[in-house]
Every structure is written in C-alpha cells, then in structure tokens.
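Respectively, the protein sequence lines represent chains W, R and V.
Per this note's numbering, the first sequence starts with residue 1, numbered consecutively.
Per this note's numbering, the second sequence starts with residue 1, numbered consecutively.
Per this note's numbering, the third sequence starts with residue 1, numbered consecutively.
Calculated from the structure, these hints are not laboratory results.
Please note that the accuracy of each hint is not assured.
Put simply, identical chains are the same to the list, so a pair is met inside one copy or across any two.
In silico DSS-like cross-links for lysine-lysine, where the CA-CA straight-line distance does not exceed 25 Å [what the hints assert, rightly or not]:
| # | residue 1 | residue 2 |
| --- | --- | --- |
| 1 | LYS337 | LYS322 |
| 2 | LYS338 | LYS57 |
| 3 | LYS326 | LYS338 |
| 4 | LYS57 | LYS206 |
| 5 | LYS206 | LYS56 |
| 6 | LYS206 | LYS9 |
| 7 | LYS337 | LYS326 |
| 8 | LYS56 | LYS9 |
| 9 | LYS9 | LYS326 |
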Amino acid sequence: MADPRFFAKAGPFTLAELASRCGADLASGVDPETCVVDVAALDAAGPEHLSFLDNKKYVEAFSRSRAGACLVHRDMARWAPPGMALLFCSDAYRAYAQIATAFYPPEAVVPGIAAGAAIDPTAVVDGRVRVEPGAVIGAGAAIGPGCLIGPNAVIGPGVVLGEDCVIGANASLSHCILGNRVRIYPGARIGQDGFGFAMGPAGHLKVPQLGRVLIHDDVEIGANTTIDRGAGPDTVIGAGCKIDNLVQIGHNVQLGRGCVIVAQVGISGSTRLDDFVAVGGQAGITGHLRIGAGARIAAQSGVMRDVEAGGTVGGSPAVPMKEWLKQAAVLGQLARKKGR
Amino acid sequence: MADPRFFAKAGPFTLAELASRCGADLASGVDPETCVVDVAALDAAGPEHLSFLDNKKYVEAFSRSRAGACLVHRDMARWAPPGMALLFCSDAYRAYAQIATAFYPPEAVVPGIAAGAAIDPTAVVDGRVRVEPGAVIGAGAAIGPGCLIGPNAVIGPGVVLGEDCVIGANASLSHCILGNRVRIYPGARIGQDGFGFAMGPAGHLKVPQLGRVLIHDDVEIGANTTIDRGAGPDTVIGAGCKIDNLVQIGHNVQLGRGCVIVAQVGISGSTRLDDFVAVGGQAGITGHLRIGAGARIAAQSGVMRDVEAGGTVGGSPAVPMKEWLKQAAVLGQLARKKGR
Amino acid sequence: MADPRFFAKAGPFTLAELASRCGADLASGVDPETCVVDVAALDAAGPEHLSFLDNKKYVEAFSRSRAGACLVHRDMARWAPPGMALLFCSDAYRAYAQIATAFYPPEAVVPGIAAGAAIDPTAVVDGRVRVEPGAVIGAGAAIGPGCLIGPNAVIGPGVVLGEDCVIGANASLSHCILGNRVRIYPGARIGQDGFGFAMGPAGHLKVPQLGRVLIHDDVEIGANTTIDRGAGPDTVIGAGCKIDNLVQIGHNVQLGRGCVIVAQVGISGSTRLDDFVAVGGQAGITGHLRIGAGARIAAQSGVMRDVEAGGTVGGSPAVPMKEWLKQAAVLGQLARKKGR
Chain W
1 MADPRFFAKA
11 GPFTLAELAS
21 RCGADLASGV
31 DPETCVVDVA
41 ALDAAGPEHL
51 SFLDNKKYVE
61 AFSRSRAGAC
71 LVHRDMARWA
81 PPGMALLFCS
91 DAYRAYAQIA
101 TAFYPPEAVV
111 PGIAAGAAID
121 PTAVVDGRVR
131 VEPGAVIGAG
141 AAIGPGCLIG
151 PNAVIGPGVV
161 LGEDCVIGAN
171 ASLSHCILGN
181 RVRIYPGARI
191 GQDGFGFAMG
201 PAGHLKVPQL
211 GRVLIHDDVE
221 IGANTTIDRG
231 AGPDTVIGAG
241 CKIDNLVQIG
251 HNVQLGRGCV
261 IVAQVGISGS
271 TRLDDFVAVG
281 GQAGITGHLR
291 IGAGARIAAQ
301 SGVMRDVEAG
311 GTVGGSPAVP
321 MKEWLKQAAV
331 LGQLARKKGR
Chain R
1 MADPRFFAKA
11 GPFTLAELAS
21 RCGADLASGV
31 DPETCVVDVA
41 ALDAAGPEHL
51 SFLDNKKYVE
61 AFSRSRAGAC
71 LVHRDMARWA
81 PPGMALLFCS
91 DAYRAYAQIA
101 TAFYPPEAVV
111 PGIAAGAAID
121 PTAVVDGRVR
131 VEPGAVIGAG
141 AAIGPGCLIG
151 PNAVIGPGVV
161 LGEDCVIGAN
171 ASLSHCILGN
181 RVRIYPGARI
191 GQDGFGFAMG
201 PAGHLKVPQL
211 GRVLIHDDVE
221 IGANTTIDRG
231 AGPDTVIGAG
241 CKIDNLVQIG
251 HNVQLGRGCV
261 IVAQVGISGS
271 TRLDDFVAVG
281 GQAGITGHLR
291 IGAGARIAAQ
301 SGVMRDVEAG
311 GTVGGSPAVP
321 MKEWLKQAAV
331 LGQLARKKGR
Chain V
1 MADPRFFAKA
11 GPFTLAELAS
21 RCGADLASGV
31 DPETCVVDVA
41 ALDAAGPEHL
51 SFLDNKKYVE
61 AFSRSRAGAC
71 LVHRDMARWA
81 PPGMALLFCS
91 DAYRAYAQIA
101 TAFYPPEAVV
111 PGIAAGAAID
121 PTAVVDGRVR
131 VEPGAVIGAG
141 AAIGPGCLIG
151 PNAVIGPGVV
161 LGEDCVIGAN
171 ASLSHCILGN
181 RVRIYPGARI
191 GQDGFGFAMG
201 PAGHLKVPQL
211 GRVLIHDDVE
221 IGANTTIDRG
231 AGPDTVIGAG
241 CKIDNLVQIG
251 HNVQLGRGCV
261 IVAQVGISGS
271 TRLDDFVAVG
281 GQAGITGHLR
291 IGAGARIAAQ
301 SGVMRDVEAG
311 GTVGGSPAVP
321 MKEWLKQAAV
331 LGQLARKKGR
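Throw the hints in and build the complete structure from the sequences for me.
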C-alpha cells in the first residue's frame, strides 16, 4: 500500500461499487459483495487487493498474480489464475485510474489563510480557498472557490483563478487568467515577459510584451515549466492539455484542446498546435508554425515546417516518421559498410 | 488594447511626439498634431491606433489595415491604404518597441519594504528600493537605488546589485555581482556551485567552487534559467546579453557583449562566447570551446569544436551550416531511393 | 584568492599537514614546515600558494608557474620550475579537491530557526538544524541533525531528511525520504506527481501517483532539476549520484550508485540505470529501459534501447559510439561529394 505518511487511503469497497465507478462488468460467478482494501501491482498484490492488466507484456505476471480481483479486457480472461475475481472493461488502465482515485481521492481543500501569507487587501479571495504559509497574492487578483495556493507561491497582481485550481509550492503566476481545475506544479513560471527584442549592434531593445496567458479548464502544467505571456495577442493553453516538467512555451503560442507535451519540449513563439497534438520529450518546434490536429511529434525532433493533421514526424530537422526511420537505417548501413 | 488589469497605459500622444521618440519622419501631408491612443496589430487596429509593418509577409494586412497611423519603411509606402498616416523609419520593429514603451512604460518602482520581507541587519539596502513580501536579503548584501526585489526572491549573503535591477518572484541569487538595469526573471538560479567533482570509483569528491558570477549592465536572464558560479575564475555575462528561459550556463563560462541565447540552450564549463554570438533554442555547446564574435549556432546544434568569428553552424555534431544542409539533403535522397 | 565577501578562508597550513590530508608525498628536499596560505591556478599562483597540474595540456603553464608548491604526478616532476615544492600524488585533481576543501571548508551549520520560518507543530526538527527565513516545513516532517533548510524552501508533509542535508533556496520537496549528506540545490523540485494519464479522446484521466522518491546518502541534485515521485513503485536515486541542473527524472526511474547525470538530461519513466552510469548533457533516455553498470551515454544522445554494462553510445537514435562516429564521418563525406 502507499506510504501512509504521504497518502490517506479510503475504502474498503465492494467489487460492485468499484465496478460501477469504472463501468466494468463483473465476470459471472463473482460475488459483488466481496471487499477489496487497496490497489496493487500484479506482482505485489494479495487476495485483498485489486490489480489491473493493460499490456500483453504482463500476461505472465497476471497468470501468477495472487491478486483477489483484477481489471482486465474480456479477451485476456483465459490467462487468469483460478479464483481471481475478474472485472471486464475495455480500457483497463483508465479503469484503474478511476479505482485508484476511489482509494486515494485528491485531498479535500480545507479553507483557511495561513498566518504567514501576504494577501493584498484589494485581492478577492473566496472564503473556500486555502492559502499556505509564505504565499503572496497581489493587488486585484481574484481566487475562486476551492483553490489551493501552495506554500511560497506567488500570484501576481490582477491574476484570475477559477474554481478548484491547485498552485504548487514556489510557483509564480502573473498576467494570466486560469479556468477551473487547473493544476500548476511547483516552480512553474506563468506569464512573465516573452523573449522579444529588436536586435541590433547598438544593443537589443526590449519590446513590451502586452498580452496575457489564458489557461482553460482541466489543464496541468509541470514542475519548473515556463510559459511566457503574449507579445500582443495572448498565449493560450486549451482545455485538458497536459504539460510535463521543464517545458518552454514561447509568447503567442496557442495549444488546442487535449494536447500532451512531454518533458523538456520547447515551442517557439506564435506556433499553433491544434487539438490533441502529442509532442515527445525534448522535441523543439520552431516559431510561426501550424501543427495539425492529432499530429504526433517524436522525442528530440526538431520541427521546422508545418505538420498536417494526423501527421507523424521525427528527426532533426523533422521529416515524416517513415522517412526518418529509413534515414536512420540507410545511415547505419553505410557506416557498417565503411567499417569493413 | 492591453488588458487594463495587467497594464497601465499612458498617452494619448501626438504623431509629432511619437516620431521624435523613435526617430521617424512623418510622411508629407501628415498632421503632426494628430493624436493616437494606443498601439495595435495591423489587423486589429482602428483609426485611433498606431501599428507597424516590418515584414513583407504582412503587406496585404497593411493594405487592408484600418490603423490611423503606421510605422513603415519608406519603400513600403506605396502599399498603404488611403488616409493612413505614415511614419517612415529604417527599422519599423525597433521603432515600434520604442513607441510601445511610450504607451506602456515599465512600472515605476515605488520604494518600500514589505512587512513580510526578511532583511539581514548588515545588508545595505538603498532607500529607493522596493522589497516585496517574502523576499529574503542576506548578510552583507548591497542593493542599489531603484531595484525591485520580487516576492519570495532570495538574495544571498554578500551579493551586490547595481541600480535599477529587477529580481523576479522566487528567483535566487548567491555569490554574484550585478551591474545596472539587470533583469532576472522568476525562478532563475544564479551563483550556485558548479558541477565539479573529482570522479572515482570510491565516490565522486566535490571540488570547492570558489568563483563568482559577474553580470554586466542591461542583461536579461530568463525564467528558471541556471547560471553556476565559477570554480576559481568567475562566470561572466557580458553587457546587453539576453538569455531566454531554462538555459543552463556552466561554471567559468564567459559571454561577451550582446549575446542572444534562446531557450533551453546548455553551455558547458569554461566555454567562451565572444561578442554578439547568437545561439538557437536547445543547442548544446561542450566545454572549453571558443565561439568567435558574431557566430550563429542553429537550434538543437551540438557544438563540439571552436567556431570562428562570423561562422554559422548546425547539426549534432555541428558542422558549418552549408554542410549541414547538404547532409540533410543527401540523407533524404538516400532514404527515398531506398524506399523505392 | 576567493572573494572574501562570499568565502571564508582557513589556513595557513604547512606542506606536511596538506600532504597528509590528501595522501601526497613530499618530494625529497622539500621542507615540511613550509606554509602556504591559499590555493591558486598555475598562472595566477605566487610563492605563498599551492597549485595543481592534472592535465598534460597545462605542462607549459606548470613550467612557468610561480606557485610555491604544486600537486603533481611523479611523472611530471621533470617539467617543474626550479624551487617549486612538489607534492606527489596519483590523482592531482582529487588531491586538489581535498586541499581546497581544507582552505575553504563547507560553512558550519549554525543551529537556529529564523523568525520568518513556518514550521508545523507536528514536524520533528532536530535541535541542531538551521531553518532560514521563509522556509516552510509541513505536518509530520522529520529533519535530522545538522540540516540546513534554505530561505523560502518548502518541505512538504511527512518528508524525512537524514543528517547534514542542505536544501537550497526556493527548493521544494514532497513525498520523499532523504538519507544523509544529501544536497538539493536552489529551485529543485522533488516528489511531485509523475506524468501519468490514461489518455483518450474524451480527456486525459489522471492516474494517482502513489509512490515516493527515495534519495540515498551523498547525493547532489542540481538547480531547478525535477524528480517525480513513483506511480506505485518508488523513484530511487542511489548513493553518491551527482545530478546537474535542469535534469528531468520521471516516475519510477531507478539510479544505481554513483551515477553522473549532466545538465538538461531527461530520463523517462521506469528506466533503470545501474551503478556508475554517466550521461552527457541534453541526452534523453526513453522509458522502461535498462542501462548497464558503467555505461556512458554521449551528450544529446537519444537512447531508445537497453545499453549493456560498460557500453558507450551516441547519436539520436543512439548507437554504439564507434558506429555513431562512422555515421557522422560517412555523412560528411557524402555531403562533400555532393557539394562538388
């Protein structure tokens, strides 16, 4: 089970309750009133635990598992060990996420303002907000109900947070408007000036950055990630985007809904990603591009041209994935020839 | 116009005033007493706004724009819509930067020490400094007039700041000396130990890092960027350098004047960049190299050798730009041949 | 000498004392009672300084050096200038690290809780701990003797620190257990949720991250580096690992003992590095891999397959180092041929 110093566990739950939470069907013969007390990995689970199988790679571990119950696709049932209670579902990982959340629900926000917090008298902070020690909230900021402002976080003047947002420790926000259920991880930097200079041999002249960052509902922004505000237009992060740690997003970038941006990616100014684009770790996308809906960009790619909707690219400079794989293959062959 | 929750606008200004601020010439027939109330992009501007055209790509938007006035190169005048007041200048983007700064001047620093700040009694803080809540200033530090120390920023013992420096929220400085008008963005880390160990199978022994970071006038250092102090010599950032977010600068690195370092670049220990070097995003430069004045390094390059003054390199390992483009072309051809 | 505003110097020391501290042998004829007052580089040292030679590249500087004493391998003795007192040792850089530490010992931790710190009444903080202004220590946390909690650092609920740990300014820790002598640099983020979602067109569902981060003795973690906690298993950093700035370590990653991870590296979830693996700057390692003991991964590599113990790889996608060098050579030849 999870370390009780860090995690508070709920339950036990009956299989009937759990199945209804994740839309699973109990296999025939399973007693719906059977209780489980926790989730656990296949190889660590005992009779009192529920586990899951979502990857054929783990079929053997599934067959050997001592888990009392297991989330699994119906097609995998024949590999189950005798006596295991099966809960059938089409996407076992998604079902696991729902059940793990039942056992380990997000901690409820207990309203209250810590003694050490500094809140400007003109800020509007809802009564159901929690503000941790050392947090600073600037003039005219507005914090919606259910928000948690972490220790030593800084909310700049005029910043607006919707409902149920979580701002991590030591994060800082300025010049931005957040929707509901936005989670900003520790140390993220949102809304600072973009990197805009009129370059010249007599010195680089700063161009005022007059836009904002708009962050829609259900977005997560990783630890130490940086998102600059727009130069004139806004920088926009669409609903449901998930952004990992140490990502850089330049001024005027627009992300559509549900984009997934893995760690250490950099997206240069004014580039636009349509809905559900996925970008692998350490990839870079140059400025003023358009990446079509559902496109997939491989890790470490260097994207210098638009990518069409549904396209998949890799390499630096990035080319269609098939071409990239061929390039790697042909280069390997040539090098081996040379080696002889 | 810019969101008034975040930006305070000055003006209106007459065209005569604005032209004199940026060194532009009014086209013949333009009434110098015409007032404009704001800046705006070509496609968003109305008759009361001033816009700018600095890129041929936008000539069409220029011709269709409803902007009352526009900064433009004399050669572009013929594409102007009827009635638009033209301000001729050789570099419209630079002129725009100056005029946007007139409308949106940097906020004046209102001196004062917030209640929640912790200032060591031996620190010397000028009377014209603003210290925000939660900021910490260590023993013997010296903060010059006009500086702004952001909320929860940490200025370590002995650190020296010149005049008119801005230290962002949650940034931390130690073992460093700053000139005037230096801007450190939120979360930047300046002056911590470099990565110096005497490696060995019995354990890696830490080598004391006995240098400092010297930051000259008019430098900007981006959000969550890290600059380590020297190991014995100093790490030096020359006047007018502009460093973007999430950049890593190792111990003993020296940057000349006016270098531009884009986001997520890494520069390894003891490497020296001469004046006005430009480094594209996510590039890496290995240690102990010399990069000549005015050299340009493409995004995602991996530089493993010295680069001559004025040189342009790309690729990983980096080669002269022309060679890199040929490499990409020839590899693409081979892969396509293979595909048939 | 090091800037006295930032560094407190000890000494002077006799050569006999210094030789015994680093296991060096005095050359014949050297007076063991000779005093030196500081360390200095070969080209900066005077008669009162001790220097070191660890690289043949600097033999000339050694021959010209005015240093009174020098750490050097016995084989280099013949290049010494007349009158220089030689201290023979097998690893001059390691010996220098020990002697520089004698002159500039780590500052002793002066116990005390700053007025501005916020410590939860249920936290257990040893009497020999120093807590700087603005630091926040959560409920149930335990801080061992000799620890230094830097200004505005945040120690989350339940976090455990062993003895003599140093937590840098503005760093934040949650869901983690630290051994002894662990150093966390400013702005590092330890223990936040990993990047775990059940992806889908109806939205990406967060998967509870129920593991911890375990950090063993003598680990250093660089500025603004991020280490996510495990999803179920723990993320583990082995004893003596040295991790540079801006590194990303995903959930469930395991590092063995003595790994060296250079700046801006990214290691994806569930990958395991065995003992003494070295990873060059900006390299990326994909998830669920095994990197064998002593393997070396070149800077900017993109590792997509397991690496055997002692293996050396480079390139993206990474291949054995020899192959990578051949690839670069053959590609260069082809491009030059094309150019004619």
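Hints, one by one, checked against the model:
In this assembly of identical chains, the alpha carbons of LYS337 and LYS322 lie at most 25 Å apart whether taken from the same copy (23 Å) or from different copies (13 Å). Taking identical chains as interchangeable, the C-alpha atoms of LYS338 and LYS57 are never at most 25 Å apart, the minima being 38 Å within one chain and 33 Å between chains. For the homomeric pair LYS326 and LYS338, the shortest alpha-carbon distances inside one copy (18 Å) and between copies (7 Å) are both at most 25 Å. Taking CA atoms no more than 25 Å apart as the test, LYS57 paired with LYS206 passes between copies only; the shortest distance there is 23 Å, against 54 Å inside one copy.
Proximity of LYS206 and LYS56 under a CA criterion of 25 Å is satisfied inter-copy only: 22 Å between copies versus 55 Å inside one chain copy. Within a single copy, LYS206 and LYS9 get their C-alpha atoms only as close as 52 Å, which misses the 25 Å cut-off; across copies the closest is 17 Å, which meets it. For the homomeric pair LYS337 and LYS326, the shortest alpha-carbon distances inside one copy (16 Å) and between copies (10 Å) are both at most 25 Å. When the C-alpha separation of LYS56 and LYS9 is checked against a cutoff of 25 Å, the pair qualifies neither within a copy, at 29 Å, nor between copies, at 61 Å.
In this assembly of identical chains, LYS9 and LYS326 lie within 25 Å of each other by CA distance neither inside one copy nor across copies; the values are 50 Å within and 55 Å between.
Comparing the model with each numbered hint stated earlier shows that hints 2, 8 and 9 do not hold.
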